[in-house]
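2 protein chains.
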Amino acid sequence: MRRLLRHPVRLVPFGFLVTILLGTGLLMLPWTTSQHQYTPFLTALFTATSAVSVTGMSVVDTPNYWNEFGLLMITVLTQVGGIGIVTGATMVILVVARRLGLRSRLLVQAETAEFGIGDLRRLLLRIAGLALVCESIITVVMTARLWLTYDYPFARALWISVFHAVQAFNNGGFALYTESLIGFSTDAWVIVPLAIGTVVGGLGFPALFEAAREWRRPSRWGVATKLTVWGSLTLLVAGFLGMLVIEWANPRTLGIYAWHDKLLVAFAQDAFIRTGGFNVVDVEGLEEESYPLVIALMFIGGGSASTAGGIKVTTFFLLAFVIWAELRGEPDVTVGHRRVATASQRQAVTVALLSVALVACGTVLLILLTEGVPLYAALFEVTSALTTTGLSVGVAASLPESGQFALIVLMFVGRIGPLTLGSAIALNTRRRLYRYPEEQPIVG
Amino acid sequence: MRRLLRHPVRLVPFGFLVTILLGTGLLMLPWTTSQHQYTPFLTALFTATSAVSVTGMSVVDTPNYWNEFGLLMITVLTQVGGIGIVTGATMVILVVARRLGLRSRLLVQAETAEFGIGDLRRLLLRIAGLALVCESIITVVMTARLWLTYDYPFARALWISVFHAVQAFNNGGFALYTESLIGFSTDAWVIVPLAIGTVVGGLGFPALFEAAREWRRPSRWGVATKLTVWGSLTLLVAGFLGMLVIEWANPRTLGIYAWHDKLLVAFAQDAFIRTGGFNVVDVEGLEEESYPLVIALMFIGGGSASTAGGIKVTTFFLLAFVIWAELRGEPDVTVGHRRVATASQRQAVTVALLSVALVACGTVLLILLTEGVPLYAALFEVTSALTTTGLSVGVAASLPESGQFALIVLMFVGRIGPLTLGSAIALNTRRRLYRYPEEQPIVG
Ligand SMILES: [K+]
Ligand SMILES: [K+]
Chain U
1 MRRLLRHPVR LVPFGFLVTI LLGTGLLMLP WTTSQHQYTP FLTALFTATS AVSVTGMSVV
61 DTPNYWNEFG LLMITVLTQV GGIGIVTGAT MVILVVARRL GLRSRLLVQA ETAEFGIGDL
121 RRLLLRIAGL ALVCESIITV VMTARLWLTY DYPFARALWI SVFHAVQAFN NGGFALYTES
181 LIGFSTDAWV IVPLAIGTVV GGLGFPALFE AAREWRRPSR WGVATKLTVW GSLTLLVAGF
241 LGMLVIEWAN PRTLGIYAWH DKLLVAFAQD AFIRTGGFNV VDVEGLEEES YPLVIALMFI
301 GGGSASTAGG IKVTTFFLLA FVIWAELRGE PDVTVGHRRV ATASQRQAVT VALLSVALVA
361 CGTVLLILLT EGVPLYAALF EVTSALTTTG LSVGVAASLP ESGQFALIVL MFVGRIGPLT
421 LGSAIALNTR RRLYRYPEEQ PIVG
Chain Y
1 MRRLLRHPVR LVPFGFLVTI LLGTGLLMLP WTTSQHQYTP FLTALFTATS AVSVTGMSVV
61 DTPNYWNEFG LLMITVLTQV GGIGIVTGAT MVILVVARRL GLRSRLLVQA ETAEFGIGDL
121 RRLLLRIAGL ALVCESIITV VMTARLWLTY DYPFARALWI SVFHAVQAFN NGGFALYTES
181 LIGFSTDAWV IVPLAIGTVV GGLGFPALFE AAREWRRPSR WGVATKLTVW GSLTLLVAGF
241 LGMLVIEWAN PRTLGIYAWH DKLLVAFAQD AFIRTGGFNV VDVEGLEEES YPLVIALMFI
301 GGGSASTAGG IKVTTFFLLA FVIWAELRGE PDVTVGHRRV ATASQRQAVT VALLSVALVA
361 CGTVLLILLT EGVPLYAALF EVTSALTTTG LSVGVAASLP ESGQFALIVL MFVGRIGPLT
421 LGSAIALNTR RRLYRYPEEQ PIVG
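Those sequence lines, one after another, are chains U and Y. Read in order, the letters of the first sequence correspond to residues 1 to 444 in the UniProt record's numbering. Read in order, the letters of the second sequence correspond to residues 1 to 444 in the UniProt record's numbering.
Because the hints were derived from the structure by calculation, they are not lab data. Treat the hints with care, as some may be off.
Footprint (simulated), chain Y over chain U, 3 or more residues, beta carbon under 8 Å [said to hold, decoys possible]:
{"id": "1", "segment": "284 to 295"}
{"id": "2", "segment": "314 to 326"}
{"id": "3", "segment": "371 to 384"}
Sample of chain Y residues facing chain U (criterion: CB under 8 Å; computed from the structure) [stated by the list, open to error]:
{"id": "4", "residue": "E179"}
{"id": "5", "residue": "V340"}
{"id": "6", "residue": "T342"}
{"id": "7", "residue": "I367"}
{"id": "8", "residue": "E371"}
{"id": "9", "residue": "R435"}
{"id": "10", "residue": "E438"}
Think of the CB as a built atom: it goes at the ideal place given N, C-alpha and C, for glycine as much as any other residue.
Make the full structure from the sequences, and use the hints.
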C-alpha cells in the first residue's frame, strides 16, 4: 500500500476499472433508460467503457435509449475519465522528469524526490480548473445560441450545452442527437466553440501549460511542446485541406453545402477526427479516399497527457525527425536547436510499433469474430476504438456480442495501455551496472 | 565518373534500369513468344521488371505465353538481377563497415580506404560462385527426379530443373507451370531442394559467409548474423506452425493431403513465402486468417544483402529487441552480449516505418486505380510487389494498364529503394561539427 501511494500513478488503471464497473452497474438500473427497462450487462458495460475511456462509440441510439439520468451518468463518467487520464498521464511525465533530474515545468516546487499526495491534489485541482473554465465558455456560447436562435427553453438549452461542452473538452464523442452534430454542421456559433474545445482538450495539459506561460516566446518551449503545438497545427491544416479536396463535390458529405459552409464543416470535422469523435458529416458517406486519411489522423491522435488517444502528435513527429535525420546522415536528431535523447527516440519507436501491432491484431480479431465485415470497415472501427476516437462506419452498432466485447477490450487497452506502459517504463528504469561492447550491425 | 567508380554502388540502380529496359526490348520481339507475335510494351516491361527485381509476378500465363527463348531470357534476367542486388547490397555493407573502421568480415584485405574495382571483381566472383554451386546441386537432384520418375526426356528435365533452380536460389518466383509448383507439392525430391535453395538464397551473402566460416562457434557471430540466422529459423517455425493450424482442414489447401503431406506442403509453402514466391498451395484458396500471417511474413522478408525483399529479418528482430529493452527499462539494447549502436537502431526504425508508409500509400494508390478490388486483396498484392515476393491473390493478372504500371513501379522501388537508401546513408554521413544541448521529451 505504501508502495502504491508513493507512486499513485499505479492506481490509475485500477481506478479506471472500478469507475467503469460502477458505471456499468448504475447504467443497468431501469431509472437510467427512457423506457424504464433493465439494460443488459454488455450494453451497460460497453456504454460505461466508452464514456470513461472518452471514446463515444455506442451500441444503442444514445439520445433515445437513455433518459436524462442515464445521459447525466454518461456525462459524469466522461468527465471523471477525462480528468483521470490527464492527471494520470501528467503524473507519469512528472515522475519521469524527476527521475531524469529535470526541472519540472509543471509544478513549482520539485524538491521532494518522490511524487507525493500534496502534488497530486494540486495537479488535480489545476486540471479540473482548466476543464471547468473551458467547458463553461463553451456552455455559455452554446446556451445563448440554442436559447436565442433555436428557441429551446433555457433549461434544455443549458443541459444540451453542458452535455456537449463536457464531451467536447474531454474528447468524449457522445452526442444528444442520433446523427451526432450533423444538424448543426453549418452553425458556426455551435460548431466552432465545440471544435476549439476539442482541439484545446486534445493538446494536453503539459503542452497547454507551457505554451500559455511562454506564449510570447515559442522558441523557449521544450521539444515536446514544440512538437505538440506545431505538429497539431500541421495535422489540422493537412486534414482540412485533404478533406476539402476529397469531399468537395461528394453529395453525401460536403457536396450539398455552399463553398463557405464547406470550409466550416471541413474545419469542424477535421478538428473532431483526432480524437473528438463528433461528426458533422456522414462518416459512412465519405469517399473511399477519405478513409485512409481519417484512419491515419485517428492513429496519430492528439497531444501527450490529453484526453485524446492515438500514438500522440509528439511520437509521430519525433519519428519523422528521426527518419529525416537518418536520411540526411545527421549524427544527432535535433528539433529546434535541441538534441533529442536516444531514450525518447526509443520510447517513440516502442509506442508506434506496438500500436501498429495492436491495430493489426485487433483488426484480425474483429474479422474473425464477425461475418462479412470488410477489411476497411474493421480497420476503421478498430482504429477508432483503440485511439478512443469513437467515429464509426456503422459496424459497432451491428456487432454480435463477442465483437462488442472485443471493442470494449480495445477501448480499455487503447486508453489504459499507453499510460500503464509509460508508468512501467518510468518507474522501472534499471541502473546500468555494466555495458557490453558495442556493435553496429547493418540492417535493412 | 571517377566519383562514380570510387563508389560503384552508385551504379547499381542505373544498372538495374538499363537491364530492365534491355530485357523489355528483347521480350517485345516475336521470337520470344510461343505464338511468335510482338508483345505489348507494358507486358514486356512488367515481365522484365518482375524478373530483374526477382519478384515473379506475371500478367500473362508464363509457361504458355513465352517460348523457350522468352523463358531463357527470364532466367538470365532473374540471375543478373539476383546477383546484382546481392553484390550491390554487400558493397553497401562493406562501404559502411570501412567507414566505421570495422574489420571487414567479408574480404580478407581491407587496407584501402575506398572500395575498389579489384574488390568488386572478387566479390562478384564469390557471389556468382555460391549461386552456381547451389543452383547446380538443386539442378542435379531435380533433373534426376524428373528424368527417372516422371519419364521426362533428359534435355527437358535438365531445362526445367535449371529454370526452377535459378528461380529458387534467386527467390525469383517464376515457374514453368501455370499453377506454379502445386503439381509437385507432395514430391519431396522436387520441393525440398527448391525450398532449401530459396531459404539459403534468402539468408544473404554476409550472414551465410560468416555462419559458414564460424559454424562451430555461433557465439562468435556478429549481431547481424545472429539475428538473421536465429530470426529466420524463428520465422520459419512460426510460419510453418501457423499455416498448419489455420489450413489443416481447408479442402482448398492442406485439407486434401494425408498428415505427412500436410507437413511437407506447409514446410515448402512457408519457405517460399519470405520471399521465394513459388506456391504449392492455391493462394486464393487460403483461409481468411492466413492472409495477415502471409502479409506479415512477406513484409518481414529475408536476410540483408540477399535476393529476398521485405524490411529484412535483422530489421524486424532488432526492433523487437529495442521494444523489449524499452519495456524492461534497460538502458542499452543488447543482443547476445553485444550492445547495439543507436545508429543501427535508428536505421532499423527508418527502414521499417518508411516501408509501412510505402505499403499504405501503394495500397491506396492501387485501390484508386482499380474498381472493386477489396482492401485485403490490394494490401496483399502491393505487399507482395514491394517485398518482391510475387505471390498473388489474382489481382495482378486482371489489372488495368494503370494498375499494372503501379505494380511495376512498386516492384522497382521495393527492390532498388532500400539499396539506394542504404548507400545514400552510407556515403553521406555528415561529420559532427557541433552538438545542441540534449533534451528528453516524453512521448506517447
Ligand atoms: K472520442
Ligand atoms: K520472389
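The hints, checked one at a time:
Residues of the segment 284 to 295 of chain U lying with their CB closer than 8 Å to a CB of chain Y number 3, which satisfies the three-residue condition for coverage. Counting residues of the segment 314 to 326 of chain U whose C-beta lies closer than 8 Å to any C-beta of chain Y gives 8; at least three are required, and the coverage claim holds. Residues of the segment 371 to 384 of chain U lying with their CB closer than 8 Å to a CB of chain Y number 4, which satisfies the three-residue condition for coverage. Because the beta carbon of Y:E179 sits about 26 Å from the nearest beta carbon in chain U, more than 8 Å, this interface hint is broken.
With its C-beta approaching chain U no nearer than about 7 Å, Y:V340 sits inside the 8 Å limit, and its interface hint holds. With a cut of 8 Å, the hint placing Y:T342 at the interface with chain U holds, because the nearest CB-to-CB distance is about 5 Å. This hint holds: Y:I367 has a C-beta 7 Å from the nearest C-beta of chain U, less than the 8 Å allowed. Restraint check, Y:E371 versus chain U: the minimum CB separation of about 11 Å is more than 8 Å; hint violated.
Taking 8 Å as the C-beta cut-off, the interface hint given for Y:R435 holds, the closest approach to chain U being about 6 Å. Hint status for Y:E438 relative to chain U: holds, with the closest Cβ pair at about 5 Å, below 8 Å.
Violated hints, in rising order: 4 and 8; the structure is consistent with all others.
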